[in-house]
Amino acid sequence: AQTVTQSQPEMSVQEAETVTLSCTYDTSENNYYLFWYKQPPSRQMILVIRQEAYKQQNATENRFSVNFQKAAKSFSLKISDSQLGDTAMYFCAFMKPSTGGGNKLTFGTGTQLKVEL
Amino acid sequence: EAQVTQNPRYLITVTGKKLTVTCSQNMNHEYMSWYRQDPGLGLRQIYYSMNVEVTDKGDVPEGYKVSRKEKRNFPLILESPSPNQTSLYFCASSLYGTASEAFFGQGTRLTVV
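Protein sequences appear in the order of chains E and G.
Numbering of the first sequence is given in our numbering, commencing with residue 1 and proceeding in unit increments.
Numbering of the second sequence is given in our numbering, commencing with residue 1 and proceeding in unit increments.
Hints are computed from structural coordinates only; laboratory data are not their basis.
Keep in mind it's a predicted model, so treat the numbers as computed, not measured.
Note that CB positions come from ideal geometry on N, CA and C, so glycine has one too.
Hints may contain errors.
One side of the interface only, derived from the structure: several residues of chain G facing chain E at Cβ under 10 Å [unchecked claim]: (1) Val-14; (2) Ser-33; (3) Gly-40; (4) Asn-84; (5) Leu-95.
List of simulated lysine-lysine pairs, DSSO-like, C-alpha gap at most 27 Å [to be verified]: (6) E:Lys-96 - E:Lys-114; (7) E:Lys-96 - E:Lys-78; (8) E:Lys-96 - G:Lys-71; (9) G:Lys-17 - E:Lys-96; (10) G:Lys-57 - G:Lys-69; (11) G:Lys-18 - E:Lys-96; (12) E:Lys-73 - E:Lys-114.
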């Protein structure tokens, strides 16, 4: 079974600064997908960024980018130019599409990020 | 607008009183699932469905039931709720067999007293 570990329960960053959230995972699979989801106080789950394991290039979405290290099984999220609206819980998630388990997402325990003035 | 709709958003109930949380999606997705979110544990899958009349257990299925009679609906049933089922519940849907984005409902905060 796959596991996802987020070792930072809480983090804070000053507005306009850069912050990196860490995520490691454990799997014996070679082909899989990784995601970062954002959960603001509204509780809505919002997809931030996704990475296909077969792609060596790190995914980027505006101010959000990842550092994907497949051999190390590491998938960190970097937020540049942090904004107050980035304050949220961030979840790292793993998915191995399969006929048996469908599109099951395995989540980490989350990192609560607070952006301060 | 593409969306997953859960109802209710908040629910307080008593131990043993059967309840249903509804979930409906308008994207014609085959794959639907239920997760519960607890502090320090992240989200864990309860049940999933790969299509109409096809459901299976996730990681924490005890105490829950589901049904998939129509493609758009996937209700979560707690036949005899207990306090340890107090949690935040999410329904999600996606296209089956791909790594497409999972769309989540707004969440249901359930308290069992």
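Each hint tested on the structure:
1. Val-14: 24 Å, violated
2. Ser-33: 7 Å, holds
3. Gly-40: With a minimum Cβ separation of about 6 Å from chain E (threshold 10 Å), the hint on G:Gly-40 holds.
4. Asn-84: With Cβ-Cβ at 18 Å, over 10 Å, it is violated.
5. Leu-95: Given a least distance of 8 Å, the restraint on G:Leu-95 holds.
6. E:Lys-96 - E:Lys-114: Answer violated: E:Lys-96 to E:Lys-114 is near 31 Å, above 27 Å.
7. E:Lys-96 - E:Lys-78: 23 Å, holds
8. E:Lys-96 - G:Lys-71: Roughly 23 Å separates the two Cα atoms, so the pair holds.
9. G:Lys-17 - E:Lys-96: Roughly 37 Å between the alpha carbons, so the hint for G:Lys-17 and E:Lys-96 is violated.
10. G:Lys-57 - G:Lys-69: 17 Å, holds
11. G:Lys-18 - E:Lys-96: 34 Å, violated
12. E:Lys-73 - E:Lys-114: Since the Cα atoms of E:Lys-73 and E:Lys-114 sit roughly 26 Å apart, the hinted pair holds (cutoff 27 Å).
In terms of the numbered hints stated before, the structure departs from hints 1, 4, 6, 9 and 11, listed from lowest to highest.
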